[in-house]
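There are 2 protein chains.
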Amino acid sequence: MAVTLQDVAARAGVSAITVSRALNHTSYVGAETRARILAAVAELNYVPNAVASSLRSSKTQLLAFLTDITNPFWATVARGIEDGAMEAGYGVILCNTDEAEVKEARYVDLLLRRRIDGFIVVPTRASGPILQNLKRHHVPFVLVDRAVPGVAADCVRGDSRSGAEQLTAHLLATGARRIGLITGPRTVSTAEERVAGYQDALRAAGQPGDESLILYGQYTEPWGYQATQELMARPRPPDTLFAANNFIAIGVLEALHTFGLRVPEDVAVVCFDDMTHLTTARFLTTVIQPAQEMGRLALRLLLARLAQPDRAPEEIILPVALVVRRSCGCPFTAGRPGGNQ
Amino acid sequence: MAVTLQDVAARAGVSAITVSRALNHTSYVGAETRARILAAVAELNYVPNAVASSLRSSKTQLLAFLTDITNPFWATVARGIEDGAMEAGYGVILCNTDEAEVKEARYVDLLLRRRIDGFIVVPTRASGPILQNLKRHHVPFVLVDRAVPGVAADCVRGDSRSGAEQLTAHLLATGARRIGLITGPRTVSTAEERVAGYQDALRAAGQPGDESLILYGQYTEPWGYQATQELMARPRPPDTLFAANNFIAIGVLEALHTFGLRVPEDVAVVCFDDMTHLTTARFLTTVIQPAQEMGRLALRLLLARLAQPDRAPEEIILPVALVVRRSCGCPFTAGRPGGNQ
DNA sequence: CTATGATATGACAACGTTACCATGTTAGCG
DNA sequence: CGCTAACATGGTAACGTTGTCATATCATAG
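Residue numbers (the working numbering), protein chains in the order written: chain A, 1 to 341; chain B, 1 to 341.
Fair warning: there could be bad hints in the mix.
Identical copies carry no separate label here, and so any pair may be met within one copy or between two of them.
Unchecked claim - Pairs of lysine to any residue, SDA-like flavour, derived with a Cα cap of 25 Å:
hint, residue 1, residue 2
1, Lys103, His137
2, Lys103, Thr70
3, Lys135, Pro48
4, Lys103, Pro129
5, Lys59, Gln199
6, Lys135, Ala205
7, Lys135, Ala105
8, Lys135, Glu211
9, Lys135, Asp68
10, Lys135, Arg262
11, Lys103, Tyr46
12, Lys59, Thr258
13, Lys103, Pro48
14, Lys59, Leu5
15, Lys59, Ala16
16, Lys135, Glu43
17, Lys59, Thr33
18, Lys59, Ala2
19, Lys103, Ala153
20, Lys103, Arg113
21, Lys135, Arg11
22, Lys59, Asp109
23, Lys135, Ser58
24, Lys103, Ala147
25, Lys135, Asn49
26, Lys59, Leu261
27, Lys103, Gln61
28, Lys135, Arg296
29, Lys59, Val47
30, Lys135, Ala173
No lab work stands behind these hints: they were computed from the structure. These figures come from a predicted structure and were not determined experimentally.
Taking the hints into account, I'd like the entire structure generated from these sequences.
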């Protein structure tokens with residue numbers, strides 16, 4: 001049915017290996033021969049069979065990115081990965097894990113069978129066993145955004161702690177008294193790091209800090225909504241809300257809206273992660289992480305490891321940027337309604 | 001290096017084929033033998049090699065979804081596809097085409113080499129040649145959201161025309177006089193269908209309709225922004241803006257904001273496509289398309305075609321739903337600030 | 001008691017490519 | 001002029017699985 005190397009070879013009057021070499025530039029091939037081969041390829045409409053090639057060479061030239069691509073932040077990271085991968089001759093399989101270990105494990109299994117060359121993973125703390133599994137099978141992987149305790153691996157992440165500290169310090173400097181922090185699950189390192197940064201800033205400002213203002217939950221909109229309701233219903237509600245990621249921020253804004261509270265007049269709001277191309281984003285004071293860059297670097301680490309499997313694990317911590325816009329209600333933004341960015 | 005069927009077979013004291021059959025439930029295997037095989041698999045940590053399997057059986061059990069996954073709408077469709085695929089034993093490769101034919105073509109090429117079993121594509125009109133290429137290679141595909149003239153294929157799409165008509169009729173019924181329509185590129189069928197629906201409604205209302213109020217462009221935020229600026233700067237600006245998709249809507253809102261115009265007090269805004277979990281969404285009057293359902297159905301069509309390659313092309317047109325919220329400024333929404341949904 | 005079909009296992013070859021080894025030709029160099 | 005190295009091409013086998021054909025046992029039906 002399908003056209004094979006043999007067919008092309010026959011048509012060009014050479015052997016199959018020569019055709020392979022011509023197409024893969026893997027050895028010398030005479031100029032004239034090459035021309036004849038290319039002609040035959042075009043005439044027969046030959047499409048190389050990567051499956052056979054992979055079997056023989058035990059390289060699939062495929063990488064996988066496991067994350068919740070529903071979140072535009074990760075979609076952007078994916079973009080960074082993809083661009084670089086394409087350039088290096090790799091394809092990328094994007095897998096929607098929904099941050100659920102069950103789906104994650106299932107995908108890893110599926111991809112191991114497919115003999116994927118390498119993984120880029122946005123892990124949770126529960127990913128440990130899954131990553132160990134990858135190690136056992138000697139499949140290289142790189143972590144993005146989050147560290148996993150007990151797993152030494154290449155990793156690219158933003159400086160959550162410092163970012164949260166900057167954000168909190170800014171709030172304190174411009175008059176915030178009680179800052180509610182709505183963060184993600186304890187199983188995710190960034191959730192705790194952002195808490196740590198928040199506490200760093202309070203400590204530096206000589207404030208005691210009220211433990212009850214810190215709510216752990218999920219990195220989701222419903223959690224932002226629910227936590228806001230809870231915080232604002234208290235006898236002494238916070239005057240400022242710090243959402244630990246973009247989805248939480250959306251829930252926060254929504255909840256405040258239903259309460260009839262204005263931002264920033266009644267309550268100031270800030271968040272972590274940006275949501276480029278979302279109206280709310282141009283309004284929110286936030287800490288921006290270089291998403292695309294993150295992807296690009298993760299890919300670079302993975303390629304490096306593919307080339308040299310036994311190199312020492314490398315951890316890249318990317319600087320983050322505080323972007324002050326209107327939602328925190330501070331006076332510094334007067335005159336630039338759209339915020340910068 | 002890696003454990004193979006042979007190794008497992010040796011350990012279990014049977015032949016390789018028996019192991020294959022035991023694992024794939026593809027023929028009779030004695031209960032005791034199966035147990036021994038499964039034990040051997042576990043002890044040796046055997047992971048089947050799908051590459052070899054694919055080569056032999058000429059089925060990869062892989063599907064691809066080509067679209068701009070950066071758009072949450074498509075990410076949701078992807079979810080629908082994935083869920084069903086997983087269930088049917090297929091993996092899905094998500095590919096970010098950015099709606100650019102160059103990337104689309106490159107991916108198709110890549111995936112044809114990999115002998116993907118089938119494609120689900122969100123095409124543009126320029127996709128014609130690419131789809132013809134798929135046909136030439138007898139690789140099944142299904143279109144989503146958009147028809148491509150001259151290409152007979154399975155297709156799932158929303159009823160854009162009717163949706164746009166409903167939306168426009170609602171606006172006219174509640175007092176809109178001049179409705180600016182900011183739509184996508186002429187190369188995308190939905191962009192024109194939404195225009196057609198808009199015109200249907202005007203005609204039905206006995207209104208002449210002002211051609212200059214219809215602006216074709218891109219399905220992107222910058223275009224929404226730019227088009228809004230242009231429309232609102234005119235001597236007789238529209239009193240209502242109809243954004244033909246979610247990204248455009250975001251640009252529209254942003255532009256109005258920089259103009260200092262309030263929604264809906266100064267200008268009413270409606271759009272097509274929903275943005276679940278976005279604050280702006282709960283505020284916008286919109287036409288909702290069942291994204292996840294769309295994906296699920298597209299997958300079902302593809303599976304049907306895989307099972308029976310020569311069946312007649314099927315086109316599924318999904319009903320869409322008008323959801324009235326606050327942004328259109330009509331009185332019907334009084335008392336439900338959050339809108340429904 | 002034999003025919004029939006369900007049960008259970010195996011041998012062999014093939015899928016389409018590339019790794020490895022081999023061979024020959026030509027050009028350059030001492 | 002013989003020797004090395006770059007250039008050019010081919011043969012054979014192997015990657016790990018499964019399609020196809022073959023064989024054997026056993027129970028049940030006629």
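Here's how the hints hold up against the structure:
| no. | hint | result |
| --- | --- | --- |
| 1 | Lys103 - His137 | within (19 Å within a copy, 33 Å between copies) |
| 2 | Lys103 - Thr70 | both (14 Å within a copy, 21 Å between copies) |
| 3 | Lys135 - Pro48 | between (31 Å within a copy, 17 Å between copies) |
| 4 | Lys103 - Pro129 | within (14 Å within a copy, 36 Å between copies) |
| 5 | Lys59 - Gln199 | neither (47 Å within a copy, 55 Å between copies) |
| 6 | Lys135 - Ala205 | neither (44 Å within a copy, 67 Å between copies) |
| 7 | Lys135 - Ala105 | within (14 Å within a copy, 35 Å between copies) |
| 8 | Lys135 - Glu211 | neither (39 Å within a copy, 63 Å between copies) |
| 9 | Lys135 - Asp68 | within (23 Å within a copy, 33 Å between copies) |
| 10 | Lys135 - Arg262 | neither (50 Å within a copy, 56 Å between copies) |
| 11 | Lys103 - Tyr46 | between (37 Å within a copy, 21 Å between copies) |
| 12 | Lys59 - Thr258 | neither (54 Å within a copy, 52 Å between copies) |
| 13 | Lys103 - Pro48 | between (32 Å within a copy, 19 Å between copies) |
| 14 | Lys59 - Leu5 | both (19 Å within a copy, 19 Å between copies) |
| 15 | Lys59 - Ala16 | both (20 Å within a copy, 24 Å between copies) |
| 16 | Lys135 - Glu43 | between (45 Å within a copy, 17 Å between copies) |
| 17 | Lys59 - Thr33 | neither (28 Å within a copy, 33 Å between copies) |
| 18 | Lys59 - Ala2 | both (22 Å within a copy, 13 Å between copies) |
| 19 | Lys103 - Ala153 | within (21 Å within a copy, 32 Å between copies) |
| 20 | Lys103 - Arg113 | within (16 Å within a copy, 28 Å between copies) |
| 21 | Lys135 - Arg11 | between (46 Å within a copy, 24 Å between copies) |
| 22 | Lys59 - Asp109 | both (17 Å within a copy, 18 Å between copies) |
| 23 | Lys135 - Ser58 | within (18 Å within a copy, 30 Å between copies) |
| 24 | Lys103 - Ala147 | within (20 Å within a copy, 33 Å between copies) |
| 25 | Lys135 - Asn49 | between (29 Å within a copy, 17 Å between copies) |
| 26 | Lys59 - Leu261 | neither (57 Å within a copy, 57 Å between copies) |
| 27 | Lys103 - Gln61 | both (23 Å within a copy, 18 Å between copies) |
| 28 | Lys135 - Arg296 | within (23 Å within a copy, 35 Å between copies) |
| 29 | Lys59 - Val47 | both (18 Å within a copy, 16 Å between copies) |
| 30 | Lys135 - Ala173 | neither (47 Å within a copy, 64 Å between copies) |
In terms of the numbered hints stated before, the structure departs from hints 5, 6, 8, 10, 12, 17, 26 and 30, listed from lowest to highest.
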